[in-house]
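All chains, please: the whole structure from these sequences, using the hints.
Here's the letter readout for the chains.
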Amino acid sequence: MALLEVKNLEVCYGVIRALKGISFEVNQGEIVSLIGANGAGKTTTMQSIMGLIPIKSGTVTYDGQVINKIPGHKLVSLGMSQVPEGRRVFQELTVYENLVLGAYAQKDKKKIKDDIEEICTRFPRLGDRRKQIAGTLSGGEQQMLAMGRAMMSHPKLLMLDEPSMGLSPLLVDQVFEIIKDYHKSGVTILLVEQNAKKALSISDRAYVLETGAITMEGKADELLNDENVKKAYLGE
Amino acid sequence: MSTVLDGLSLGAIYALIALGYTMVYGIAKMLNFAHGDIIMVGAYAIFVTLAAGGHVGIALLVAVLMCVVFGIVIEKVAYRPLRGASPLAVLITAIGVSYLLQSVAQIIFGAKAQTVSIVSFGTVKIASAEISVSSLITLVVGAVIMAALTLFVKNTRTGRAMLAVSEDRGAAQLMGINVNRIIMITFAIGSALAAFASIFYLMQIPSTEPTLGSMPGIKAFTAAVIGGIGSIPGAMIGGVLLGVIEKICLSVPVLAPYTTAVEFAMLILILLVRPIGLLGKKRREKV
Chain V
41 MALLEVKNLE VCYGVIRALK GISFEVNQGE IVSLIGANGA GKTTTMQSIM GLIPIKSGTV
101 TYDGQVINKI PGHKLVSLGM SQVPEGRRVF QELTVYENLV LGAYAQKDKK KIKDDIEEIC
161 TRFPRLGDRR KQIAGTLSGG EQQMLAMGRA MMSHPKLLML DEPSMGLSPL LVDQVFEIIK
221 DYHKSGVTIL LVEQNAKKAL SISDRAYVLE TGAITMEGKA DELLNDENVK KAYLGE
Chain A
2 MSTVLDGLSL GAIYALIALG YTMVYGIAKM LNFAHGDIIM VGAYAIFVTL AAGGHVGIAL
62 LVAVLMCVVF GIVIEKVAYR PLRGASPLAV LITAIGVSYL LQSVAQIIFG AKAQTVSIVS
122 FGTVKIASAE ISVSSLITLV VGAVIMAALT LFVKNTRTGR AMLAVSEDRG AAQLMGINVN
182 RIIMITFAIG SALAAFASIF YLMQIPSTEP TLGSMPGIKA FTAAVIGGIG SIPGAMIGGV
242 LLGVIEKICL SVPVLAPYTT AVEFAMLILI LLVRPIGLLG KKRREKV
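Quick note, the sequences are listed as chains V and A, same order.
For the first sequence, this note's numbering gives the first residue as 41, with consecutive numbering after it.
For the second sequence, this note's numbering gives the first residue as 2, with consecutive numbering after it.
Be a bit skeptical, because a hint or two may be false.
Computed cross-link-like contacts, BS3-like style, restricted to lysine-lysine with a CA-CA straight-line distance of at most 30 Å [as the list claims (entries may be wrong)]:
| # | chain 1 | residue 1 | chain 2 | residue 2 |
| --- | --- | --- | --- | --- |
| 1 | V | K151 | A | K282 |
| 2 | V | K196 | V | K220 |
| 3 | V | K150 | V | K114 |
| 4 | V | K171 | A | K282 |
| 5 | V | K109 | A | K30 |
| 6 | V | K220 | V | K237 |
| 7 | A | K77 | V | K153 |
| 8 | A | K113 | V | K114 |
| 9 | A | K282 | V | K109 |
| 10 | V | K149 | V | K196 |
| 11 | V | K171 | A | K77 |
| 12 | V | K114 | A | K155 |
| 13 | V | K149 | V | K171 |
| 14 | V | K147 | A | K77 |
| 15 | V | K114 | A | K126 |
| 16 | A | K155 | V | K150 |
| 17 | V | K224 | V | K47 |
| 18 | A | K77 | V | K96 |
Using C-beta positions, here's what the derived DEER-type ranges look like [to be verified]:
| # | chain 1 | residue 1 | chain 2 | residue 2 | range |
| --- | --- | --- | --- | --- | --- |
| 19 | A | T157 | V | E267 | 43 to 49 Å |
| 20 | A | A189 | V | D221 | 41 to 47 Å |
| 21 | V | Y136 | A | R81 | 41 to 47 Å |
| 22 | A | A130 | V | P164 | 58 to 64 Å |
| 23 | A | A266 | V | P164 | 52 to 58 Å |
Rough simulated footprint, nothing fancy, chain A against chain V, three-plus residues with beta-carbon under 8 Å [what the hints assert, rightly or not]:
| # | region |
| --- | --- |
| 24 | 76-86 |
| 25 | 217-228 |
| 26 | 257-270 |
Since the hints were made in silico from the structure, they are not lab data.
Bear in mind that the values here come from a model prediction, so they are computed numbers and not experimental data.
Every residue, glycine too, gets a C-beta built ideally from N, C-alpha and C.
What follows is the structure in structure tokens.
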């Protein structure tokens, strides 16, 4: 069953059609990637799903419910969570405060505390730096924080927008390990990546987005071996 | 000694108003030029309640309530539809709301000043200095309110949400924060602080008129900019600084006529040396 279904999604910035009516779905329990070059509309897709930018037409259905008319802030308590492009941790707040904000929908303070402990076990670096101001963390640590923060709401669907951006190869591997691991705990993943090779290597299925339209879709391992994908996105 | 104390208490008034400017700027990213006029709303609320035979305590309560209601309604009716519009459109709207409030007050109450005497406390002698009791009350209550606000922002769920919205509205929404609600709460708090400012103001100058809020509003805005607009401790420091300088200038005969000029000269000087204000933060470029 599709946990997230996007149908004919169209988004415009002024006269520019950033998304020209794209459709895709993410089934329960899958890891699905959206790959494509800079400016293809990947981030626009992610932001419009979460209500950060208005959509012109089309529908977004989550868990059987049309959500594109629901105010964005209510989507978190439905079980959707997003790690935005560029991490966007709250730079002036501490690691701890960032994590607490990730649990904004949760009012049980004891539960928040326990969840923070759990996140700090998953990301030991964050545990060591609880009181540190997030803006002083390294890029990799900020990515960990952004992911930990998004996990604080116990999502059913975690969306990650370019989690590998600006990270060293070693850290990229770590980030993808964490995503794989988190997926094993039963969370459905929608991943947006420029690093197509990495993304496809952990995904079940993928869609290729080119200038606002989906041009290809299929099983991840098939796309990994597709000549066009290889040429355009895998640098082979 | 008494000059400094008077300055501190005037500073507390400026600080309370400046907090409204700075919080709204920090969180809603707009300059609410109608904020000064909320003080006028509070003053007339007190005037009307007293004239209707209400007790002083009731009058103060009505003032806080009216200011909060005005703040929330103005935000909802005038500013919310402009969310995402150009900052200039919002600025002009705010100036328009300011004139609207003043004009409506003039239609209802007339242009001439009305006497509003809340209570007169007289003075006390502390270490051979005559100190006005209302100054002392203003100072103490003002300090308590500001301390409470600081604790609120730092330690509550709503306070943290305010900080989050102030830094990154989009990311705040991704946390499940209702940004519109946080902005409304900010206006409500700012207006409540303005109500207290109007109470303290009337304790010192027991008279109100439709343009009552203009000058304190501009001074408090100056204070907010001096402190670094968007910064809560900055608004407090800026307000107190401005209040003390104003009272000191007024107590020196040569300087007294130029008091306002001195204050604005100070603004220019500080901005020349530190364009972001004393405690202002440089906005980090987002990747």
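To see whether the hints hold, each was checked on the structure:
With a C-alpha separation of about 34 Å, the suggested pair K151(V) and K282(A) falls outside the 30 Å cut-off, and the hint is violated. Note on K196(V) and K220(V): the hinted pairing holds, with a Cα-Cα distance of about 15 Å set against a maximum of 30 Å. Distance check on the hinted pair: K150(V) and K114(V) sit about 22 Å apart at the alpha-carbon level, within 30 Å; holds. For the given pair, K171(V) sits about 20 Å from K282(A) by alpha-carbon distance, which is consistent with the 30 Å threshold.
Distance hint between K109(V) and K30(A) is fulfilled; the C-alpha atoms sit about 26 Å from each other, no more than 30 Å. For the hint pairing K220(V) with K237(V), the CA-to-CA distance comes to about 15 Å; that is within 30 Å, so the pair holds. A hinted pair counts as satisfied when its Cα atoms are at most 30 Å apart, and K77(A) with K153(V) does not qualify at roughly 36 Å. Distance hint between K113(A) and K114(V) is unfulfilled; the C-alpha atoms sit about 50 Å from each other, more than 30 Å.
Distance restraint check for K282(A) and K109(V): the Cα-Cα separation of roughly 36 Å exceeds the 30 Å cut-off, and the hinted pair is therefore not satisfied. A threshold of 30 Å between alpha carbons decides the hint, and for K149(V) with K196(V) the separation of about 21 Å falls inside it, so the pair holds. Between K171(V) and K77(A) the alpha-carbon distance is near 37 Å, which puts this suggested pair outside the 30 Å criterion. Proposed proximity of K114(V) and K155(A) is supported: the alpha carbons are some 24 Å apart, at most 30 Å.
As the CA atoms of K149(V) and K171(V) are separated by approximately 18 Å, the hinted pair is consistent with the 30 Å bound. Proposed proximity of K147(V) and K77(A) is supported: the alpha carbons are some 27 Å apart, at most 30 Å. As the CA atoms of K114(V) and K126(A) are separated by approximately 58 Å, the hinted pair breaks the 30 Å bound. The suggested pairing of K155(A) with K150(V) holds, with an alpha-carbon distance near 19 Å, which does not exceed 30 Å.
At most 30 Å may separate the alpha-carbon atoms for a hinted pair to count; K224(V) and K47(V) meet this at roughly 28 Å. Annotation: proposed proximity of K77(A) to K96(V) holds, straight-line Cα distance about 25 Å (limit 30 Å). At roughly 58 Å, the beta-carbon separation of T157(A) and E267(V) lies outside the given 43 to 49 Å, and the hint is violated. Evaluation of the 41 to 47 Å hint for A189(A) and D221(V) yields a pass: the beta carbon distance comes to about 44 Å.
Hint check: Y136(V) to R81(A), Cβ distance near 32 Å, so the stated range 41 to 47 Å is violated. For the pair A130(A) and P164(V), the supplied restraint of 58 to 64 Å holds, since their beta-carbon distance comes to about 60 Å. Here the CB-CB span from A266(A) to P164(V) is close to 55 Å, well matched to the stated 52 to 58 Å. With 0 residues bearing a CB less than 8 Å from a CB of chain A, the region 76-86 of chain V misses the requirement of three and the coverage assertion fails.
For the region 217-228 of chain V, the assignment as covered by chain A is violated, since 0 residues bring a beta-carbon within under 8 Å of that chain's beta-carbons and 3 are needed. Check on the region 257-270 of chain V: 0 of its residues sit with their Cβ under 8 Å from a Cβ of chain A, so the three-residue criterion for coverage is violated.
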